[in-house]
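**Student:** For reference, the chains in residue letters:
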Amino acid sequence: MSATAVHSLWTTASGVTAAAPGDSFTAPKIEYTQLMPVLIIVVAAVLGILVEAFVPRRARYHTQLFLTVVAVAASFAAIVGLAAGGYGTTKAQIAAMGAIAIDGPTLFLQGTILLVAMVAVFTFAERRLDPSSDGNRVDSFAAQPGAVPGGEGEKAAIRAGFTTTEVFPLLLFSVAGLLVFPAANDLLTLFIALEVFSLPLYLLCAVARRKRLMSQEAAVKYFLLGAFSSAFLLFGIALIYGYAGSLSYAAIANVVDGSVLEIDPALADTMGNDALLLIGGAMILTGLLFKVGAVPFHMWTPDVYQGAPTPVTGFMAAATKVAAFGALLRLLYVALPGLTWDLRPVMWAVAIVTMLGGAIVAITQTDIKRLLAYSSIAHAGFILAGVIAANPEGISSVLFYLLAYSFVTVGAFAVVTLVRDAGGEATHLSKWAGLGRRSPLVAAVFAVFLLAFAGIPLTSGFSGKFAVFKAAAEGGAGALVVVGVLSSAVAAFFYIRVIVLMFFSEPKADGPTVAVPSPLTMTTIAVGVAVTLVLGLAPQYFLDLASQAGVFVR
Amino acid sequence: MSFPLLTATAALPAIGAIATAAVPAARRTAAKWLALLFSLGTLVLAAVVFLRFEPGGDRYQLTESRAWIADFGVRYELGVDGIGVALLGLTALLIPFVIVAAWHDADPLETKSTRWRPTQGFFALILMVEAMVILSFVATDVFLFYILFEAMLIPMYFLIGGFGDRAHAGSDESAATQRSYAAVKFLLYNLAGGLIMLAAVIGLYVVAGSFSLLEIAEARANGSLEMATSTERWLFLGFFFAFAVKAPLWPLHTWLPNAMGEATAPVAVLITAIVDKVGTFAMLRFCLGLFPEASKWATPVVITLALISIVYGALLAVGQRDIKRLIAYASISHFGFIILGIFAMTSQGQSGATLYMVNHGISTAALLLVAGFLITRRGSRLIADYGGVQKVAPVLAGTFLIGGLATLSLPGLAPFVSEFLVLVGTFSAYPVAGIIATSGIVLAALYVLVLYQRTMTGPVQESVRSMPDLRARELAVAVPLIAVLIFLGVFPKPLTEVVNPAVEHTMSDVQKKDPQPEVEAAK
Amino acid sequence: MENLIALLVAAPLLGAAVLLCGGRRLDKTGHWLGTALAAASFVVGLILFTDMLGKGAEDRALHQHLFSWIPVEGFQADIAFQLDQLSMTFVLLITGVGTLIHIYSIGYMEHDERRRRFFGYLNLFLAAMLILVIADNYLLLYVGWEGVGLASFLLIGFWQHKPTAATAAKKAFLVNRVGDMGLSIAIMLMFTTFGTFAFGPVLESADETSQGKLTAIGLMLLLAACGKSAQVPLQSWLGDAMEGPTPVSALIHAATMVTAGVYLIVRSGAIFNAAPDAQLVVVIVGAVTLIFGAIVGCAKDDIKKALAGSTMSQIGYMILAAGLGPIGYIFAIMHLVTHGFFKAGLFLGAGSVMHGMNDEVDMRKYGGLRKYMPVTFITFGLGYLAIIGFPGLSGFFSKDKIIEAAFAKGGTEGWILGSVALLGAAITAFYMTRVMLMTFFGEKRWQPDADGHEPHPHESPKSMTIPMIVLAFGSVFAGGFFAIGDRFVNWLEPVTGYDHGHSPLSAATVTGATVVALVIGVGIAWAMYGRKPVPVLAPRGSVLTRAARRDLLQDDFNHVVLVRGGEHLTRSLVYVDHSLVDGVVNGTAASVGGLSGRMRKLQNGYARTYAVSMFGGAAVVIAATLLMRAV
Amino acid sequence: MNPVNYLYLAALLFAIGASGVLIRRNVIVLFMCIELMLNACNLALVTFSRMHGNLDGQIVAFFTMVVAAAEVVVGLAIIVSLFRSRHSASVDDASLMKL
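Chains as they are written, first to last, in the numbering used here: chain A, 1 to 554; chain B, 1001 to 1523; chain C, 2001 to 2631; chain D, 3001 to 3099.
Quick caveat, the hints were computed from the structure, so don't treat them as lab data. All C-beta atoms, glycine included, are put in the ideal place defined by N, C-alpha and C. Heads up, a few of these hints could be off.
For lysine-lysine, the following DSSO-like pairs were computed, each having C-alpha atoms within a straight-line distance of at most 30 Å [as the list claims (entries may be wrong)]:
no.	chain 1	residue 1	chain 2	residue 2
1	B	K1391	C	K2028
2	D	K3098	C	K2055
3	C	K2601	B	K1391
Some chain C residues flagged as far from chain D (calculated, every beta-carbon gap over 12 Å) [to be verified]:
no.	residue
4	H2111
5	I2466
6	R2600
7	N2604
8	T2609
Taking beta-carbon pairs under 7 Å as the criterion, some of the chain D residues facing chain A (in silico) [said to hold, decoys possible]:
no.	residue
9	A3044
10	L3076
11	I3078
12	S3085
13	A3089
With the sequences and hints as input, model every part of the structure.
**Tutor:** Structure representation (structure tokens):
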């Protein structure tokens, strides 16, 4: 038995047990303070389950909402505390026996995810938009997801005033996974985190109150394709493990750059076999690119975004992108820096087709949610350009971009929930005609978000795009920048189209009405606008934050 | 740091915009007066800037510099040179007239919804544009300039698409579609140009490591900044493309006729007299200032395009059936002259080009606003729908004629001075180009006189028989502009002495000397 | 003294401003004001003149620098005036004749409700014309040059409700613009050659530069002159310009403005002297126009158009003379002045006739008017005698001198020019006699017009006849006064220089020849129009006649070549702009849209298709990565 | 016997699973194919673990099983509710959203 077992949270004892049976069990060292943000969320999620079990139905909604908000707030507070404690910069370290990295990117992204989660919770909890059925205020989630749509069971459930308050614990579980994902410092943690945040999302997709069929279809597609992609990821993990004989990023990196020299001849055909490394790396990459929705792994995005309940879409679109890009960055910069030159051409190709593909296909979309889905694809392309930059500016610019992008996204989808007609949300573009006449404020807000998406100066979208392109140019990816600006030009077209529709075309007689939301959604939208403008006008503070945070611990 | 005069000048209209937008729906007139008040205040501040500016002094004066986005190497740097002062003045001068001329353009057709406040929005947008344009004229930081260059598209876009020409009433579906087509075309053309420029801006930063005009110029001077020829050329092209779209230069001009045709006359003035000047201004300041070698390298092509613009624009103007489109093509021809003057790279040419920007602004404003009054009266933009107006509304016809004569740059009116300077400047460097350009004066006469003859003279058409002459408000717009035209035509000195030093600086940027006359006869 | 110069311009300029901006309240008094200011300007001119006479020949030139106009690096343009003998001559002619015509217009325009504006325009013209002749540099001259163009545009189109008038005005301005193009190019050439365009330096150092440059400048100046003075090939506008009110035709399109070209060439004498090729072109243009105009004049039945033709031809004489160089300059100017008198007189006469004949212009509908309007008849008659060069009258002296100078040019050139000039004299005699006969002699041929108004020919009011009488005096005596004792030569010689030349023929012979030509012309005319009655309907006439009636097809030429061609060009360009320049962009947009539509089809809703794309993607990624390592 | 053969087997299984996903219509079968792919991963992991002589791979395998179980729970829940409302287990029927 060789002693190449690299210590890892999961396998500390392995080498020892083999050596001396019956030896005393050494407890793993866990830095609970650094893990506090995650732990808080997990605990709250578990509590949420208990609430579902023991709290009377009438009280559940408020209890859950309270619990969730408090948990997210507390977790965010913990993040701030850690950052203030210098864990983001000087005291950055590997925690939990190498499973989790607590460093700048982690804290920055976790903070972003939590903020997004917070505003998303508000949209989840919104109960003023739909007309109340049988005297019960209803939110965007089905009374009883299990029941057949329009069937007796559902009617009864509605009459009884059931509501799916489970969404809150599900959200929390998902958040927990998302928090771990960008922090994962070994492949197993990566995989687990991925599943932990994916599975609840699959469910959340399925529980829309209106348009259930589409919602379920979205869930199925998301689930099947997600599982499919995670299988690729896992196989990649296996191969990398076979290559490096370890799961920990640091160890893998060491093997890749050949600093581990002594190789057991017995392992000659696996250990250090580049084929394994390359294939494995490629497959992991595939899994992550699926999550960020990069062409050609993007095809789930439009359908899922369209079918899922809009609050879920907003959360998913924002948070998963943040987490997935975080994980991607860490993988490329910490585990596989040695592969930079091998993966570069592929990444270039993917970035280019993603930017162009997303922008071009979006032009002919007729459903606002699908439109935003494609725009999210195009944005994934832009962010990839920053990832490719392969320099510190690259990291920080991506972090900044994610911050900017996620708030615009949540805000935009929150606005989408407001525009409704008899059939629920009126997502078909033709229904948005003349919105600017009917309710100028909402239209103006949405216009701001669209302009941010389009990357017009003085909005966060521009700052982010500029940061990313600048980094890319400095990283020698000038060509990508040119492609980027070209596809931005194309993208601008369809954002503008929506604005034209809202402001310059006459309102339709049977057009949708704009529901007046509760303070919850208002907060979401307000925060979105505020962040968009602040990051557009005076981004300096956040750029500093990002550039301080832009260092990975090894 | 002393009182930030330039910031104040730009901020005042911005504040005005917010204030105007905040006026409740019912108090429409109050909003108009508020907007006018703020624009006049801006004019006062601009006058102060003009007086505080010392022609003999530093290149950039009244400078301000604050940290902004350190990570991008961006500073909030303002400073104004002679050219900037001239255009700043032009903007501040024209906006009040635009506002007064547009007094009733944005009154809602029907007041059904109380939340919909087009009037407030309209004037707020105009002030917003003014703020951005002014700031872009005084920005000495490339990034800051770029941001404004792009951002000003949005309010313009809403002005064009949102408040179309009443010449066909708002309800008419085809008109609405045409208008939004024009607005989208305007935005996409300029956005595309701007994005290309964005790539160049980033490239510039990668090469120069700074966005500050002053720093870059200094680095250029002391040789610490070496630009590879090819790099410089690529960057130049990136910048120039954006400015050529904005200016607009043939063949990137087609958005202008649509935009000017569909927008109301005051907004059209905003486009061609003010916003487009940012493009030519930027050519002078950024293309020549940052990439002198590349500019010289590109000169033959640019001059050719400029000549094409001059002749082509004029010929198409002759072929138009729509008054506003005709003026639009005329403007394209004039922008050709401006660009010609800039790239001739002689003192006369560049002084001429700068004066041309100002004079073209004023003359076009005069012609276009009066044309607007005419169009609102008859409710049609087609030349064929007019005839004999001169008989029923002589004052309108007279002002229209003077505006037209200014457009064909009749001596004694301001545009002549600039046009002649451009021609002389071009001729002394590129005789053939000069001669070709001179043919423009004949064509100009052709389209102006054709327009005048078809609309104003001949037997009185039924449709115009009851047309009222200019009202007090409209006179208040037309007369002062004409006065300015005449004054600057006879006594352009105040302007030239501000502009000349700036031009000498630019000439030294590109390291060009004026060609010496063969016989030194001047005594 | 020199500070008075600005007053020359200021007075009429003020008048124009007041009258045009004054509004209706000036309708009553406007014309008086206008006339008064014109007169004022004339008075100032006289004061300056007397002052000038008091000085020695050499230091007569006055100079007034107002302010620096366009100060730009290496470019100096001033608002500055220069009043020398040459300018003075023009000032007196312009203000003098101008004032008379103001007075005449008071009566002539009495019934026009826009009379105030008419006087405003007239004043504007005076101001511009004066700027033109007293400017001290070419750029300021250019200002006046275009200014008179504008004034003439406004006045030709004064009756704008008549489409013909509006068109004529536009045509005049456009054709002039072509000439102006020449002038501006000339100025640019001067700037690049001499670094300035002030008369002084340019003319002094004219011979310091190459022949080619000077020739170019000369030709460009000539082009300008052709435009303004209606010389071939830019003559076509003058005939149509007769659409304007008759006083306008008299003042602008006979006496003053159209002679600006002559002034320009004489003023630029130094340049032409040094560029013989340019001079040659000048004389050719002059000679051609001389004949051209005369022929046109022979065929026209419209009295004003006939006079317009004669104007062309007379200016042809002047240009010809100016082209001869120092031999001819002075006589060009001399003929210009005398022509100013008699041609203005003739036009005023024509106006007076029309005034009495319900604005009928067709001479075939006149006849025997001498009984009805004696004053007009006499004054017109004197003008007639003057123009045909009846011995002793103004025209005789000036024209005779030109012919003499033409011969004095020497060589075959001299012979050709001389004989052309003689031929011209004959034709002049012919067509003027024709006009005279058709108008004042023979039987009355007028009938009631469409709505049955029988014209009642009557003498015009005093305000109209007095100017005619004054001008008649000028027509009779001016020439003699100038010629005897070479007064005019001595007067201008310091400015233009003078070279007697050496004519192969003696002065007497030339004079004899001239008189013979004159007699022949008159004779033929008498034979054709005096002996037998004139048909009311114009006979078909010979090919030449018909061509001449259509201004020798000049307009047909312009129409076919320029107008039609231009229309086609613009139309096709409009098409190009829409479908090509714009089309490219729209096409790109469309193709992107199409691409989008096709790519959209891939999103077919089947989860398994998506899986395929993922699988394929993964495969490609893996393969690519391996390949990268492989290569 | 050379452990590498196990790797080939794992790859083979993975390929079979993948192709099953691409080919089969029935959601359940499709789902099973995915499980097959996961198990292929497990095999590979265990093999590597064996070769490297550390337990990391085996641990991962256990986790994978757990994850697979969780996926079954979630997946079946979704699939069942879909089946209820559509009375069809064909994945191709779920194609409301396209283009």
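**Student:** Compare the structure with each hint and give your call.
**Tutor:** Here's how the hints hold up against the structure:
no. : hint              : verdict
1   : B:K1391 / C:K2028 : holds (20 Å)
2   : D:K3098 / C:K2055 : violated (101 Å)
3   : C:K2601 / B:K1391 : violated (63 Å)
4   : H2111             : holds (78 Å)
5   : I2466             : holds (92 Å)
6   : R2600             : violated (5 Å)
7   : N2604             : violated (5 Å)
8   : T2609             : violated (9 Å)
9   : A3044             : holds (4 Å)
10  : L3076             : violated (10 Å)
11  : I3078             : holds (5 Å)
12  : S3085             : holds (5 Å)
13  : A3089             : violated (11 Å)
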